[in-house]
Structures are given as structure tokens and as C-alpha cells.
Amino acid sequence: MERDDPMSKTATRSYKAEQVIERMGQKLNRQMVGSLLACVHCGMCTESCHYVLANPGDPSYAPAYKGDQIRKLFKRHYDWTGRLFPKWVKADTVWTDEELEELKDTVFGKCTNCRRCSLNCPMGVDLATFNRMARGLLVSVGIMPEGVAVVSKDQWEIGNQMGVLKEDYLETLEWMEEELQDELDDPDVAIPIDQPDCDVVYSINPREVKYDPRSIADAAKIFHVAGEKWTMASEGWDMTNFGLFSGDDALGGSVAQRLYEKVVELRGKELVISECGHGYRSTRCEGPNWAKYDVPFVMESSVFTMLRYIKEGRIKVDKSKNSRPVTYHDSCNMARSCGMYEEPRELLELVCSDFREMYPNRTENYCCTGGGGAMSMSEYTPRRLKSGIIKANQLKETGAEIVVTSCHNCVDGLTDVIRHYELGMEVTQLVNLVANAIVIEPKVAVPVEEELVAVLALAGRTLLVADDEPDQVEFLATVFEDNGAKVLRAANAEEALELARAEKPDLLTLDLAMPGRDVGEVYEILREDPELESLKICVITGRPELRKLIYDRHVRKPEGYMDKPVTEDSLVLAVRRILELAHEEAAAPAES
Amino acid sequence: MSELLHFSEHTLQEVALGFMGLVYTTRIVWFLKFKAGTERQAATGPKGTTPTKGILYSWANIAMPWAMESTRRQYLIYAQFVVFHLGVTTAIALSFIIPYGPGLLENQALVLILQIVIAGAFLVGVIRIIRRVSNPYMRAISSPDDYFSLVLLTTWFFFALLAVPNQTSGGEWHLLTYFILTAFFLVYVPFSKISHYLYYPFTRYYLGKTLGYRGVYPVRRAG
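The listed protein sequences correspond, in order, to chains A and B.
For the first sequence, position 567 (counting from the first letter as 1) is numbered 566 according to numbering that gives the first Met the number 0, and the numbering increases by one without interruption.
For the second sequence, position 1 (counting from the first letter as 1) is numbered 0 according to numbering that gives the first Met the number 0, and the numbering increases by one without interruption.
Worth flagging that the hints you see were computed from the coordinates, not collected in a lab.
Among the hints, a few may not be true.
[To be verified] Once the Cα atoms are required to be at most 35 Å apart in a straight line, the calculated DSBU-like pairs of lysine-lysine come out as:
1) K547(A) - K485(A)
2) K32(B) - K89(A)
3) K89(A) - K34(B)
So here's chain B without its partners, still in its complex pose (with noise of 0.2 Å):
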């Protein structure tokens, strides 16, 4: 292994995390500084919604395909939804398993899935593009912002596909290319879309806290 290799599995990806959380602890404290609204009025809706439930139901809303018509009727798009985070998952994870567990890499069983899951993902990162371009409504709401994550990310889901077997035989290009993107990777999302997870617990609990308390999560249907 080189010593650029090393220090971009190492040092950089070390320093990168270091910014992301520091720059992401300043984000939360920020958003925590604005006031959450509250709520005067009694309970409404029936009996045993309460906002604990209304909470919970709205952070297991996402896992729940069949709870929210956009993704009932939208089941491919949920479906690469799931693919592409296991995705960034996977990918995430193999930045450290390399630098800090790469034994494991030696059970080919193992490569073979993480390969399958991120080259998943990579497809789908394709197809999001596609869709992005081509779609008009999907265009109107677009930024450059938008654009570029999921390049960025689609690409890094390339790399890290032939990242996985941790191998240095045919040159450590696709592996420092990996971790440098990864790194990169870090730095920016805490500017970018991709931030949105930081976030995510926050909307849903708020939305579910209010929906819990006035009745409507858990969200009930007709048969």
C-alpha cells in the first residue's frame, strides 16, 4: 500500500469525518435554536392516539410502503429508494472496513453481496439521473445542487463497487479515487441535499407529534 493510499484511508477520511461533525453539530445547534411551536388545545381524534404513537408511526412511516399512497402507488420508485440508501449504506461502511477491518473482505461470499448491493444502487443512481433530466416536474424542481449529489454519489457508488475486494494488484486508482470521493463525499454534504437525514428525524417527529395528538397518525384506510 502507498503512502497516498494510506493516508487518504487514514488522515483524510479521519479529518473529513472531523469537519461533517463539526459542521453538522453547528447545523443542529442552529435549528435548535429556532422555538418548536406547541400545542394548547385538548387531544383530538379517537381514543389511543396519543402523540408517543403519532411520533413513532411518523419515523416507521418510511418503512411502511403501503402507509402513504405515494408510495403505494409509486412502488418502484420506494423500491430504488431502498436500494440506493442500502446503497450509501454499504458504501459508507466499506470506507471503513477497509482501512480498519479488511479481513473480512477475504470471505468472497461477502464481497459478492456488498458488490451486488452497491452496483444496485449505482443502477439506480443511473436511473435517478435519467428520470431527473427527463422528467419535467423533475427538472422544475431541480437544482444544481440536486444535479451534482446524485452524480457525486452514483459515481462514488462506481468506485466503491471496485473498491470492495480490497485489491492492489492492478493498481490503487480505483481504490484511492474511492476513498478520495468519500472524503470529498464528507466534506460536502453537510452543504448539500444529502444532508437531509440530519433532518429527517426532526420533520417526522414534529409532523407526527402533531398528527399523534390531533388523531390522524396512525393514519387508518378503508378497506
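Excised from the complex, chain A in its bound form (with noise of 0.2 Å):
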């Protein structure tokens, strides 16, 4: 009987669910509720969803019912209609936590926040807005998937969503800058840190730490050639925010006043941002909003930065440099929420010789299966693969080799896609292009008679794959032959450890998730075993949230650790950044 009176005091409501019910009034606003009232359950943005369309006959993906999901609780306890006569209306509300974890599968797991059927509703209601509201909620009392929970307590804590230390951020700019100076046979250049009173502060997303390095040189080449007077911060540099997928206002807040008070204590006269989709939309658009901050300077994302370049004659490019047909893939954040769309096409055109655009484009344009923080809830992986044939077949009708896109969720998500689906296709982004098609003046030529010699980059190294999915051992394995080294194969957890000890390779991928012998335990007995203090574990997981494994135990923390899926560049730097750092390391000694 308590149960039909959602406002009972009395009711046996969970106390999640109370609050998740009394917070849902205090982040409505006229828009939302605007959203929420107008819906005519007309269905004509059902067909717009990527999910509806790769799972034909299961109505629970379309956005009218997902919106439902949440429009039941307002029309339940915030709309009289539903007050009234809540059955007649489907108002309904929720009592226990387990109704909670239904809808965190509906607003988490089936929505990637797209916005793609906001902008084919007739009525103008925007399910993205109050999906992202409902998250919010949910996020408010614990309850999100747990991805989510790892992403959102790094940016918290240690100040960017990928959980880099500082030391490692320095190293890696560093060791970019060392890369670059090789390249450009020029010790002069340098990635500046902390240069007040510059042009152009550039922030990036920490994947690009992690996984993408050469993304960070790439940008610094063309600062460097187009004379900039740049600088990137040694704090607050992280450009991208998970408050945006969570829908906590509080973190999106927090993290983008991070941002802007560096650009103010740098004295910096414009934030550049790198290519990242949720980044640019969540610090150029959303941020101010959330931090309620008056930004006092520009804020640019490096698309325009680097077509400015161009225009103004700052830097030279040569398109024939990239010749391999390329397509382009709208990031949803930059086409639906920021107006960004003609802008990457512009500079294709300069850099590329063989664009080919892909249907639908630009705000029509499908999501690429990671928005909305998709990557990092690893229990939704089948349903957002299985979505994924909808980009699959976007990708391969247009007969490009490689895919560009300006988002860093979306080179995950597409590499993701194209992998799964076997389409034998590169992503990769902008600025690589660009950095590749730049003309660089010679210098005065010394003719000097020198032997070139190829080096593999993994030459002469061991290195053990331990994996339970074969096709992923096969992967990692063919990319560290192909670039030299000599490659062992592990299924399971015990038998890494005996090849380990067997073998002694120079490093260990691990697996988290492997059957068999607990993952985390031969961890611990592999890093206190003396014969092996000189082994290297890179962690390889597709579920970060099994990493307290791994870094609860107290023992020396993995040299590396990436998030599956990985690709063939971003593997073979990291690896080859762990080996050589441990190469400096055992040197260093030496020469001091």
C-alpha cells in the first residue's frame, strides 16, 4: 500500500532512491523540464539511434524509451499530470536500488550521450541533456559503472582521468622533445613547460601521454615551424573531463577551473586545445557553465589553430605527403554540440590528396561506439560492438584506408570497430597529418656520406604475451615480431610465470582478466621474485576497473599500463618507452 504513495514518508523507499528523487529537482531547469514535458512518443527519432538500428526488434534501445526511463520519475513526482494520474500518463518512480541499476543500464549503457536523436526530434527534445542529468544522479549516490568510478576518482585526485603522475607527464614531453630533436636534426627545439606570458598555452588529453606520444611531438613540430611562442603547463594541463559522461557537474567544474587558473597564472593570451571531442566541448563550451568562470582569455581547439597556420603561411604543407585515401569521422561533441564540422574538412583538403567523405556527415554522422565514456565501462563492450556494425558499414563504403577524426574517444572507439569487425583500416587524427605533410625549409646541406642502417625498434628484445583471447595474443605478438623482438606466448596467468622464470624476457604484457590462477597473486609472486627484478610488466586490460589487483598490493606498480584496445603505434612506443627508460635507469648508476 505505501508503495502507491511516492511521496509517503513512510514508504519503504531505498534511501538512494529517495535521494536520487529529491536531487532530480534541484538540477531541473527550464530546458530540461521543457524536454521532458514535450515528447509526443511520435517515434521518429527511434531510427536515428545507432543502437535501434544494430538490434532490430528490441525497443528498449530507442530514445523515446530510454527517455521514458527517466521521464517516468519527473512526471511522478515533479508534473501534476503524473501526480494526478500516473498510470494513465506512465509516470512511475522507483524504490529500491536495484531499480537504480536499471537505469544505470539504460543511461550508461545503452546512450552514448550522442545527441544524434536530439537533433531528429521534431519536438526539439533533447535526450542527451536530461540523459546526462539522470547520470548526474545516479553518479550522486554511488551508483555508475565502475569504470566510470576509477575514471572520475583519478581526475578528482590526481588531477587528469588517466591517473598520469607528474614525473611522467615531464618524462614523456621530454622524451618527445629528445624525439623531435632527432627528427628535425635540430637541438634547439624544445615543448616549453611553464613559459609565462605566451601566445598559446596547449593542453591535451592524457591518452596522448599514455598511448599517443607522438601526437604530443606532432603538435610541438608545428608549433615549432610555425614560430609560435607556445608553452604547456606542468599541471593543470589536462584538457579533457569526465564530468561530462558522468553528468557531475562538480568534477566538470572542478576540472575545467583547473585549466582556466593555469592559463591565468601562465598569463596565457590563448588555451589551444588538442583534438579531443569531449575535451574541447567540455573546457571551450560546458566548463564556464559548470565552474561558473568567466574565462578571461581564448579558447581555440588546435583544428583551427593549425588551419590558421596554414592560411596565414606560417607553416607550409605538401599535400601529395598523404596520398592514401582518408575519410573523415565527425566526433559527436564537435559537430552536434559545438558547430565544428567544416573546419577539419577545410584542413583535410590542404594535407591530404585523397579525401573521401563519408555518408551520413557532419551532424548526421553515427557515433563511433566510445562516446559518452563508453571506453571505460567495460561490461557494455558486446553491446556497444555489436552497435558498432552501423560505423562498420559507414566506414567501409567509403573505400578509405585510413579514418581521421579529431577525438581521442573516437580513435579508441573506431580502432575498436574497425578491429572487431576486421576492416583493415588506420585512424588516426589531424595533427598527425598535418605534421606529416609539413614542408620544412633545408638548412644548409653538408653532404656528408653516411651508411644508413634500419634498426628495428624492438631489435634483440624478449618479450612474453599473456592473454586468454587468442586473437589479441596474436596481435600483440605479430606487432612486437614485426618491429624485431623475439615474442613468447602465455594463456593464462601460471603459465607466464613459468615462462618468465624459463625465459626471462625483458618484459611482461599482462592480461588482468585471464582464467586459471589469480592474476594479481602471480603478479606479486613475479615482482618479488629476485631473479626478475629486472622484468617489466606492461598491464593490458580491457576492464580498469580489475587494475586494484594489481596497484592494492604492495609491490613495484607495472611500468605501463594501457586500456584495450590498443593500437600498432601506441603499443610500440609505450613498450619502447618502458624498455628505455629502464635502459637509462641501469646507466644512470654508471655514470654519475
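Build the complex from these two chains, which are given one at a time in their own frames, with help from the hints.
Structure, rendered in C-alpha cells:
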């Protein structure tokens, strides 16, 4: 009987459910209320969602249906029609934590907040906005996918969403600076850090530090050639913002403010945001609103910056250097929430000789499947990959060999889809193509006769790959072997332990979710074995929530960590970096 | 004309309209009490896109079936939408024409036009009922109000169709039913999904304002 009265003080509603209902009232604004009231259940939005298209016959993916799971609460508690005639308008409430878990499955697991349905709704109902609100409500009571909790925690506590430590970040910048000096044969090339009064402060995605440092070097190359007075910040450099995905405005505001205040501290004139869809949207568009902060400097995407440099003649490019057919994937956040879809194409036309449009495109493009933080929610991976068939078909029809995108989430999402559907395409970003197309005026030529010796990146190394998925083992092994390494293969933790003891490899790549003996336990044994002291371990996992299996142990932490999917380039770079750092550490005492 | 029909055409309609106006006013006042979100950031998107352009585009969106993929691809459903809403407008207009300008209906051409429009809307109503009942996606999102509103309007169209000639030679029952249904419709609307048109200007206004400011609206598509 008590359940018939949603407002009853004596009803047996869980504390969390009570809080969700109460906090909904604090989150509602006029835009959201309009969207919650205006849906007429016309069904026009249904086919705009890639989840629906990939799951024919299952109405639970339909945008209006998903919206109703939130709308029913609003109607029951905040709208009089729902209060007076709840069953008549399908108004309902939540009583238990299990019901909140069901809501979690919908708002996190069946929607990437891509906003495609919003732009296809004749009534202008913005599902993505109130879906994000619902995520925020659940997060506020601790109900969220574990990956979201892990990443949010990192961003709150460490200051960036991948938990990159300051020393690792600075080391990577130093490493990329050296790479660039070698590439340009110019010892004066620098990646400046904390330089005050610069024209540009460059902010990046921590993914670039961990998996794609080449994009930092490419950006540095562009700034250098353009003669830009620029700097990166030693702290407050992460332009990504998990608050956008989790719906946590407090996190969103805090992260954005950290970035803004650093630019103010450095007296930077402009904040340039590297290519990242949600990072750009969060920093450029939503951050000032979340943080209630009036930003006193200019902010722009690096796409605009690169385009400006070319137009102003500050860099010269040769499009014939990028001759393979490319297509462009519009990030949802860039195209549907920030209106950025012509500039990337303009830039592509300048730096590529064979650009092929993808259909549909711009604001009508389909999600890469990795939006809305989906890449961090491993429990929904099978669902995500299934929905990827829509993207896969779109990609295949372009006939391109390379997919370009201006978003790191899209890079990962697309890489996953391409691998799953065996499309054999590469994913890259504009910064990589622009850097590759740059024409650098030659210095005074001094003829030197040199014998060029091609050295493979991992030549002479022995690597042990431990993963229970045969496809993953083959992928990793092939990449390592192609780069000159000798590869050992293990299908479980026990086998990895035996091979490590017998063969003494230089590095072990370790999956965290393997059958048989506990991976965490084996990890601890490996770390405590004095004979394996020099063994480097790089965790490669699709389940970030299992990190605690390793990191909670009182032994040396792994030297590297990568989320699946990994790309060939990021894998080789990460492994090289671990091995090179190990080499430098070993050499250090002798030099001092 | 019987006293009952006169009452139904005048007093009943006026009371029902007054009630609807009162509830709508209350509804709008309640809605406006929710604070509108604002944007602090500088505008994004190409030069020339503004909130005003975004709002105008957003409002006009429904009249531009080519602007959205959903209406472009489902053009038959869009056509049904047009016919259905023309029918609603016509049937409402009829409830004013009969009591206040019956002379207009002496023009047989106008009567025929009104009947064609309303008959079309009735037909669409039937199609929509079938679609809502037979399509699993539509069933999953439908509430009792959705079914009832659709059946109510379709029935109303039927009687409006009969009422258009404003003839009482065969009895008044069809006119009486039409006006009683109209009154019921006016009283019921504020509590049902039919009141969506009340929110349409607001949802579209805010979506257009945001997306205009951010350079998404007006949408540009590749050829």
C-alpha cells in the first residue's frame, strides 16, 4: 500500500532512491523540463539511434523509450499530470537500489549521449541533456559503472582522468622533445613547460601521454615550424573532463577551473585544446557554465590553430605526402554540440590528396560507439561492439584506408570497431597528417656520406605476451615480431609465471582477466622474485576496474598500463618507452 | 436548432475554452518558474551563426522536412503529420465557424474543401492507431494517454466530417456529438499529450538558442 504513494514519508524507499528523486528537483532547469514534457511518443527518433539499428526488434534501445525511464520519475514527482493520473501517463517512481541499477543500465549502457536523436526530434526534445542529468543523479548516490568510478576518482585526486603522474608526464614531454630534435636534426627544438606570457598554452588529453605521445611531438613540430610562442603547463594540463560523461557538474567545474586557472597563472593569451571531442566541448563550451567562471582568454581547438597557420603562411604543407585515401569521422561532441565540422574538412583538403566523404556526415554522422565514456565501461563492451556494425558499414563504404578524426575517444572507439569487423583501416588525427605534410625548409646542406642502417624498434628484445584471448595474443605478438622482438606466448597467469622464470624476458604484457590462477597473486610473485627484478611489466586490459588487483598490492607497480584496445603505434611506443627508461635507469649510476 | 445544441455550440464551448485557458496559464506559469540555463562561454561555430538564427531555424524546422534525417527518410509519416495537424486546425476552426459564421458554410466549395481535409485527417488517425498498436517500438513507448488521445481525435474528426455541412435536416445528433466532443477535447487537452503544442515553442526556442550559439543550427549538410 505504501508504494502507491510516492511522496509517503513512511514508504519503504531505499535511501539512494530517495536521494535520486530529491536531487532531480535541484537539477531541473527550463530546458530540461521542456524536453521532459514535450515528447509525444511519435517514434520519429527511433531510427536515428545506432543502438536501435544494430538491435532490430528491441524497443528498449529506442530513444523515446530510454527517455521515458527518466521521464516517468519526473512525471510522478514533479509534474501534476503524473501526480494525478500516474498510470494514465506512464508516470512511475523508484523504490529500490535494483531499480536504480536498471536505470543505470539504460542511461550508461544504452546511450552514448551522442545527441543524434535530439537533432532528429521534431519537437526539439534533447534526450542527451536529460540522460546526462540522470547519469549525474545516479553518480551522486554512487551508482555507476565501475570504470566511471575509477576514472572520476583519478580525475578528482590526481588531476587527470588516466592517473598520469607528474613525473611521467614531464618525462614523456622530455622524451618527445628528444625525438623531435632527432627528427628535425635541430637541438634547439623544445617543448616549453610553464613559460609565462606565451601566446599559446597547449592542453592535451592524458591518453596522448600514455598511448599516443607521437601526437604531442607532432603538435610541437607544428608550433615550432610556425614560430609560435607557446608552452605546456606542468599541472592543470588535462583538457578532458569526465564530468561530461558522468553528469557530475561539480567534477566538470573543478576540472575545467583547474585548467583555466593555470592559463591565467601563466598569463597565456590563448588556450589551444588538442584534438578531443569531449575535451573541446567540456573546456570550450560547458566548463565555464559548470565552473561558473568567466574565462578571460581565448580558447580554440588545435584544428582551428593548424588551419590558421596554413592560411597565414606560417607553415607550408605538401598534400602529396598524405596520398593514401582518407575519410573523416565527425565527433558527436564537435559536430552536434559545438558546430565544428567544416574546418576539419578544410584542413584535410589542404593536407591530403585523396579525401573521401563518409555518409551520413557532419551533424548526421553516427557515433563511433565510444562516446559518452563508453570506452571506460567494459561491462557494456559486447553491446557497444554489436552497435558498431552501423559505423563499420559506414567506414567500409568510403573505400578509404585511413579514418581521420579529431577525437581521442573516437580513435579508440573506431579502432575497436575496425578490429572487431576486420576492416583493415588505420585511425589517425589531423595533427598527425598536418605534421607529416609540413614542408621544412632545408638547412645549409653539408654532404655527409652515411650508411643508413634500418634498426627495428624492438630488435634484440624478448617479450612475453600473456592474454587468454588468442586474437589479442596474435595481434600483440605480430606487432612485436614485426618490430624485431622475440615473442613468447602465455594463455594464463600460471603459464606466464613459468615462462618468465624459464626465459627471463625483458618485458611482460599482462592481461588482468584470465582464467586459472589469480593474476594479482602471480603478479606479486613475479615482483618478489629476485631473479626477475629486471622484468618490466605492462598491464594491457579491457577491464580497468580490475586495476586494483595489481595496484592495491604492496609490491612495485607495473612500469606501464594500457587500456584495450591498443593500436600498433601506441603499443610499440609504450613498450619502447618502458624499455628505454629501464635502460637509462640502469646506465645512470655508471654515468654519475 | 434545439436548446441543447445551442448550449453545446455556445455556453459549453465557452466554459470549456475558459477552463483550458486557465489550466494553460497555470501550466505556463509553473513551467516558467524553472530557471533557464544560461551560457557563459564565447560562441562557437562559423561566423554568422547566432542564437537568433538558431531559434528561427529551430522553429521553422518542422516546416522543412529536408532539414532532419528523420523527416527526410520517413516522408510518408511526415506527410501524415501535415494532414493530421491541418485536420486539427480545420476541426477547431469549424467549432467557431458553425456558431459564429454559419453563412460561410453555404459555400459548397468550402464545405467540400473542409470535408476533404478532415477526411484526410481521419484517415491518418486510423493509420496512426494501427501503427501505434502494431509496431512494437510504438507499443513500447505508448501510454494509455497516447492511445486515448489518438482515438479521441480520430473520433472527433469523424464527427467533424459529418458536422461540416451544418445540416440538421437528418437530426442534430452528429452536431451535438461534435460539439460535446470538442468541449471534452478542450477540457482534456491540458492534461494530455495533446498539449505538446504548448511546449513546442519553448523546447524549440531553447534548443535553437543553444545550437545557434554553438554554430550547429542552421545545419549544413554535404551535397
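Point to revise | Violated constraints from the hint list, given by number and in increasing order | key: none
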